[in-house]
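Novice: Produce the entire structure from the sequences given, and follow the hints as far as they go.
Protein chains in written order, with the working numbering: chain W, 1 to 422; chain H, 1 to 167.
No wet-lab data here; the hints were simulated from the structure. Fair warning: there could be bad hints in the mix.
Selected chain W positions facing chain H (Cβ under 10 Å, derived; list incomplete) [stated by the list, open to error]:
no., residue
1, P42
2, I43
3, F48
4, D74
5, Q80
6, G123
7, A124
8, D145
9, G186
10, G189
11, G225
12, R261
13, L279
14, L366
15, M370
16, R390
Distance ranges between label pairs, derived from CB positions [stated by the list, open to error]:
no., chain 1, residue 1, chain 2, residue 2, range
17, W, R50, H, H4, 23 to 31 Å
18, W, M1, H, T131, 54 to 62 Å
19, W, A238, H, P43, 45 to 53 Å
20, W, D19, H, K146, 24 to 32 Å
No experiment lies behind these values; they were computed from the predicted model shown. We treat Cβ as the ideally placed atom computed from N, Cα and C, and that holds for glycine.
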Amino acid sequence: MPRPMTITEKILAAHAGLDEVEPGQLINCALDIVLANDVTAPIAIREFRRTGLEKVWDAEKIALVPDHYTPNKDIKSAEQAKVMRDFVNEQGITHYYEIGCMGVEHALLPEQGVVGAGDVIIGADSHTCTYGALGAFATGVGSTDAAAGMATGEAWFKVPASIKFVVTGELGPWVSGKDLILHIIGMIGVDGALYQAMEFTGPTVEALGMDDRMTVCNMAIEAGGKSGIIAVDDTTRAYLDGRAERPWTEYFSDPDAEYARVIEIDASQLKPTVSFPHLPSNTRLAEDSRDVWVDQVVIGSCTNGRIEDMRIAAEVLKGRKVHENIRLIIIPATQEIYRQAMHEGLFDIFLDANAAVSTPTCGPCLGGHMGILAAGERAVATTNRNFVGRMGDPTSEVYLSSPAVAAATAVAGHIAVPEDLE
Amino acid sequence: MKFHGTAHKYGRDIDTDVIIPARYLTTSVPEELAKHCMEDLDPEFVNKIEFGDILVAEENFGCGSSREHAPISIKAAGISVVIAKSFARIFYRNAINTGLAIMESEEAVDGISDGDEVEVDADAGVIVNVTKGETYRAQPFPPFVKDIIEKGGLIEAVKEKVAAHGD
Numbered sequence: 001m002p003r004p005m006t007i008t009e010k011i012l013a014a015h016a017g018l019d020e021v022e023p024g025q026l027i028n029c030a031l032d033i034v035l036a037n038d039v040t041a042p043i044a045i046r047e048f049r050r051t052g053l054e055k056v057w058d059a060e061k062i063a064l065v066p067d068h069y070t071p072n073k074d075i076k077s078a079e080q081a082k083v084m085r086d087f088v089n090e091q092g093i094t095h096y097y098e099i100g101c102m103g104v105e106h107a108l109l110p111e112q113g114v115v116g117a118g119d120v121i122i123g124a125d126s127h128t129c130t131y132g133a134l135g136a137f138a139t140g141v142g143s144t145d146a147a148a149g150m151a152t153g154e155a156w157f158k159v160p161a162s163i164k165f166v167v168t169g170e171l172g173p174w175v176s177g178k179d180l181i182l183h184i185i186g187m188i189g190v191d192g193a194l195y196q197a198m199e200f201t202g203p204t205v206e207a208l209g210m211d212d213r214m215t216v217c218n219m220a221i222e223a224g225g226k227s228g229i230i231a232v233d234d235t236t237r238a239y240l241d242g243r244a245e246r247p248w249t250e251y252f253s254d255p256d257a258e259y260a261r262v263i264e265i266d267a268s269q270l271k272p273t274v275s276f277p278h279l280p281s282n283t284r285l286a287e288d289s290r291d292v293w294v295d296q297v298v299i300g301s302c303t304n305g306r307i308e309d310m311r312i313a314a315e316v317l318k319g320r321k322v323h324e325n326i327r328l329i330i331i332p333a334t335q336e337i338y339r340q341a342m343h344e345g346l347f348d349i350f351l352d353a354n355a356a357v358s359t360p361t362c363g364p365c366l367g368g369h370m371g372i373l374a375a376g377e378r379a380v381a382t383t384n385r386n387f388v389g390r391m392g393d394p395t396s397e398v399y400l401s402s403p404a405v406a407a408a409t410a411v412a413g414h415i416a417v418p419e420d421l422e
Numbered sequence: 001m002k003f004h005g006t007a008h009k010y011g012r013d014i015d016t017d018v019i020i021p022a023r024y025l026t027t028s029v030p031e032e033l034a035k036h037c038m039e040d041l042d043p044e045f046v047n048k049i050e051f052g053d054i055l056v057a058e059e060n061f062g063c064g065s066s067r068e069h070a071p072i073s074i075k076a077a078g079i080s081v082v083i084a085k086s087f088a089r090i091f092y093r094n095a096i097n098t099g100l101a102i103m104e105s106e107e108a109v110d111g112i113s114d115g116d117e118v119e120v121d122a123d124a125g126v127i128v129n130v131t132k133g134e135t136y137r138a139q140p141f142p143p144f145v146k147d148i149i150e151k152g153g154l155i156e157a158v159k160e161k162v163a164a165h166g167d
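Specialist: Okay, here's the thing in structure tokens:
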């Protein structure tokens, strides 16, 4: 009998061709998908060329998504996107998404069924950990790791120890997966899960929809985590069914698996939460932050640009106007979400409220384009990072929140919760 | 590998957005990236360092994005080695893979002050503070990681593997 293992250890063992693995062990894993974007792919392609190989390991298992500076904001970014596009054509890479089909990568790949349960995925983007929501092991790497993955179909890993989060209790009104993960990061700190896998369990997690689960796993990296993961259940199966391109495999942690830590959270005590500048761990309650007046609100990104996020924003904005001192920018994360939001009439609500609605892009989240902040300006954003200069000038500030708090803030002009609105 | 230079010391959680702000990620040319290294944390950084100088920081150095532009810009700016109490994991991999020397040592970070003259023997894992006359030990790399470093980075290791499989 192999030793009792966590879900993460089981997935890694299976992909390393081993019966068992233990934390700290260095292993070589077969990869199911290798991902890069318009910022990281150019370096990955340059490094791939250095291997001397003419062809990538498998043109159907590489996903390249031009989402960061696209539609291209300037000549330099257009050149970078072109390097990627030329490589796609040369290699016959199948999972490429041109503008018009493109979406923010971590919303797009699950939606299109490219990633599935039981997979091992590396992505040259730190928020690759999002796919843990599907019961996969997914982790962010740099361009050179992605290049080696494109060349060989393998990557080396140190098997991470796991932290188990047991979340119980019903979420209160306007409390979401975003509030849960911000609360966790505030509790353990930005390196609280360094080198470790974050396994989210318990009735509250099981009650979350897929969009919220992806938000939770997306921000594992903001606690320093190597990955975030939620085991497959009927919600996952319903999502994967008819969507997954490949058969998926379900893994579950053994009851006696070993964890570095077990952290219990009573989610019924959570309230809408905001991360103040300049770290995601700098959390406070939204209701205690009403004195923070802001200039811009961004609703979107790989963290909170999915259809549920659009619906919540619309619910808060319906029949209301954006405050006169605020620019509200809403960015559905994929074309499909964009179309769905349009069909549901959400765009009318957004436009009636005087919001700007954009085609999918990472844009403002990383200070790329589509909503850059001037010196001293403040934004509330449903994104994932609020480091110095993240959305623009080094003296600007970003406050992270859920879509509900972001939408309420857009109406109130200062950080607010939906209950504050008339 | 041996290094010798002046230490430039910073705090904890130095993130990749301040190491190289995203507004410069429209290029991957090392010399271009080097001009903006650490700009949002210390605009004078690139002016005050000399080739071979040593970057010292507290915990969780390089947290945030996976951008390899971060270790590339540090290396191209002239920094020979980064010594920190701990590194964010993607940065750790990226540094190993791209050949930026890094060392983990709590005692060195606690002992070294900004401006100290420091000598490093990376192979032996020994850090000498010439200014204060102190010697510190760094955490040794696992053999697997050491192997990548010795080969000259991950791509060199892959090339070797490809050549072995190719025949």
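Novice: If you take the shortest Cβ to Cβ gap from W:Q80 to chain H, is it below 10 Å?
Specialist: holds (6 Å)
Novice: Under the criterion of a CB-CB separation shorter than 10 Å, is W:I43 in contact with chain H as hinted?
Specialist: It holds, given that the least Cβ distance between W:I43 and chain H is near 5 Å, below 10 Å.
Novice: Would the hint on W:R261 be counted as holding, given a Cβ-Cβ threshold of 10 Å to chain H?
Specialist: Violated: closest Cβ of chain H sits about 17 Å from W:R261, beyond 10 Å.
Novice: Hold the hint about W:L366 up to the distance rule: shortest CB distance to chain H must be less than 10 Å.
Specialist: With a minimum Cβ separation of about 4 Å from chain H (threshold 10 Å), the hint on W:L366 holds.
Novice: Do W:M1 and H:T131 keep their Cβ atoms within the hinted range of 54 to 62 Å?
Specialist: holds (57 Å)
Novice: How about W:P42: closest beta carbon in chain H under 10 Å, or not?
Specialist: holds (5 Å)
Novice: Closer than 10 Å between Cβ atoms is the bar; does W:D74 clear it against chain H? Give me holds or violated.
Specialist: Holds. Min distance 7 Å.
Novice: How about W:A124: closest beta carbon in chain H under 10 Å, or not?
Specialist: holds (6 Å)
Novice: Lying within 24 to 32 Å: is that true of the beta-carbon distance W:D19 to H:K146?
Specialist: This hint holds: roughly 27 Å between Cβ atoms.
Novice: Should the hint that W:D145 touches chain H count as held when the rule is a Cβ pair under 10 Å?
Specialist: holds (6 Å)
Novice: At a threshold of 10 Å, is the proposed contact between W:G123 and chain H supported by beta-carbon distances?
Specialist: holds (8 Å)
Novice: For W:A238 and H:P43, compare the CB-CB distance with the range 45 to 53 Å and indicate the outcome.
Specialist: For H:P43 against W:A238, whose Cβ atoms are near 52 Å apart, the range 45 to 53 Å holds.
Of the hints listed earlier, those the structure fails to meet are numbers 9, 12 and 15, in rising order.
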